[in-house]
Amino acid sequence: MAEESDDRKPVLSKKIDKFFTGLADAWNFVRRFWKEVFLPPYEFKEVIHQCYRIGVESLPLISLTGFIVGIVFTNQSRPSLSEFGATSWLPSLISIAVVRAMGPLVTALIAAGKVGSSIGAEIGSMKVTEQIDAMEVSATNPFKFLVVSRVLATTFMIPILVLYTDFVALIGSFLNVNSNELVSLSTFFFQVFESISFLDIWSSVLKSLLFGFTIGIVGCYKGYNSSKGTEGVGRAANSAVVISMFLIFIEELLVLQIVNAIRTF
Amino acid sequence: MRGENKRSVIVGIFVFLGIAILVAGVMTLGGQQKKFVKAIQLKAVFDDIGGLQPGNNVWFSGVKIGTVRKINFYGDSQVEIEMNVEEEVVEFIRKDSKATLSSDGLIGNKIIVIYGGTTLAPPVEDGDRLESVMPLDTDAMMETLQENNKNLVEITNDLKVLTGKLAAGEGIVGAVMTDSLLAENFRSIISNLNRASINSNQMLTDLNRFTTKLNTEGNLFNDLVTDTTMASELKATITSFRSSASNTEELTAKLSEISAKLDDPDNSLGMLLNDPEFAEMLKSTMENTDSATYNLNRGLEALEYTWPFRKGFKRKAKAEEKEGN
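Chains D and E, in that order, give the protein sequences. With the first letter of the first sequence counted as 1, position 206 gets the number 206 in the numbering used here; the numbers rise by one all the way through. With the first letter of the second sequence counted as 1, position 40 gets the number 40 in the numbering used here; the numbers rise by one all the way through.
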């Protein structure tokens with residue numbers, strides 16, 4: 001009885017203990033993912049299925065968002081630049097903004113909302129309805145089938161979605177610049193590529209991989225560890241989105257510092 | 001099963017298009033930044049690169065021909081720039097070309113501009129170092145401009161004083177501008193000067209005409225200048241003159257000798273000229289001679305009227321009378 005009471009007694013405080021316990025669980029979850037991802041059997045069909053759901057089905061929403069971002073950002077930037085007669089710099093400004101930051105960030109945030117929540121809710125509902133336990137009983141590795149496939153799908157689909165977003169945003173920006181400054185397509189894209197570098201493209205792709213992994217792993221972790229019935233499902237979906245978005249911003253900040261350090265090196 | 005295949009194909013197309021966008025972007029960027037073209041390395045050393053960074057463009061005759069590859073410190077405080085320059089344009093860049101810093105537009109990125117170079121110098125080679133020219137420093141320019149402003153203020157102040165004096169009629173110019181009499185005199189001087197100028201023009205015309213005449217063939221001066229025969233004759237004449245002068249000199253010497261002898265009373269002429277005693281004697285002799293001649297004339301006249309000479313004289317008189325009729 002005395003040992004039981006010791007176990008129940010919090011180390012620091014109940015909330016802090018819970019936070020660090022959750023962190024340890026998350027770390028173990030990530031470790032398990034990296035362990036499972038390289039071990040057979042490989043669930044290729046499920047990965048392709050998830051790629052379809054996460055990538056292809058998100059494309060219309062992502063494209064529309066990117067297109068609107070391109071137009072809006074161009075329109076909002078024009079007055080500031082036109083104050084000192086530098087509207088010819090719009091393509092350069094948009095390309096830097098879209099390729100370096102807005103493309104990956106907007107895509108990741110939209111994906112966190114759409115994909116992260118659906119992953120959290122889906123796995124969470126499977127958890128509370130004990131479907132995951134059933135899978136274990138039927139000799140299927142639920143972690144590999146549910147988690148690894150989804151995380152791989154988000155990790156590889158988000159960078160591709162980011163490339164689409166960049167392209168569509170630049171097209172939107174071009175239409176706006178073309179209608180106002182009468183700049184041709186070739187001149188626009190010449191100026192776009194004039195101001196960006198390979199480091200911008202590679203950092204954008206690598207950042208997107210990180211964002212994709214974060215969205216997938218957070219969604220799966222929250223869903224996989226949901227409890228308390230249907231309420232837990234909703235909470236898992238919600239926290240999957242919130243934590244994903246929070247981590248995306250943190251990662252954006254860290255990657256920016258690293259890339260800037262490389263740029264000046 | 002068919003649905004799964006369809007999904008796989010769609011995912012494949014989706015991934016393919018995404019990667020195609022990435023590859024197209026990379027290729028365009030690489031092509032635009034000359035990353036995939038053969039390049040040589042050129043260097044230039046500057047005192048101050050003003051924020052130039054690796055990746056900034058290199059221009060030649062307004063065309064982008066490469067990028068800045070590396071920036072290193074050099075010597076005490078100088079900076080060495082390494083540039084990648086397209087191999088295709090190397091033949092147009094000569095070893096005596098210069099490199100300077102500029103910017104892409106008024107507020108654009110820093111760029112390296114290669115310019116100049118003559119065809120006398122060979123094309124640049126890999127690793128060559130171009131002569132660098134520091135661009136105009138804005139701070140130095142502003143400093144000079146400030147100095148100019150100060151000078152301008154001083155000049156305008158002086159001008160103000162000067163125009164004040166002019167208006168008050170001080171100094172020659174002021175007096176000319178305000179004193180009507182002085183102005184009239186000045187006008188007169190100008191008029192005289194004008195006249196003198198007309199006269200000098202006339203004189204120059206006459207001089208011109210005169211020299212034209214002198215240059216006419218057959219003219220003495222023209223012959224003197226152009227006729228070689230005449231020159232030789234003139235030379236001979238001068239030689240002759242010189243000989244005559246020599247003779248004259250000799251003659252003069254002899255005359256001097258004679259006159260010296262004439263001054264000497266030892267000889268007959270000297271005595272005649274210099275001895276007063278002799279002169280007195282000669283005078284006396286001459287007087288005696290004159291007296292004798294007079295007496296002789298009286299004797300001869302007396303003889304005319306004497307016999308036997310009287311008849312002869314009468315005959316002579318008659319003959320002379322006849323000839324006179």
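A couple of the hints might just be wrong.
Here are the computed distance ranges between Cβ atoms for each label pair [as the list claims (entries may be wrong)]:
#1 V15(E) x A139(D): 41 to 47 Å
#2 L175(D) x V15(E): 47 to 53 Å
#3 T118(E) x F249(D): 55 to 61 Å
#4 P41(D) x V15(E): 29 to 35 Å
A few chain D residues facing chain E, derived, Cβ under 7 Å [as the list claims (entries may be wrong)]:
#5 L12
#6 F44
#7 I48
#8 C51
#9 G55
#10 L163
#11 F193
Since the hints were derived computationally from the structure, they do not count as laboratory data. Just so you know, even glycine gets a beta-carbon here, dropped at the ideal spot from N, CA and C.
Point to revise | Hint numbers not upheld by this structure, sorted from lowest to highest | key: Numbers 1, 2, 4, 5 and 6, in rising order.
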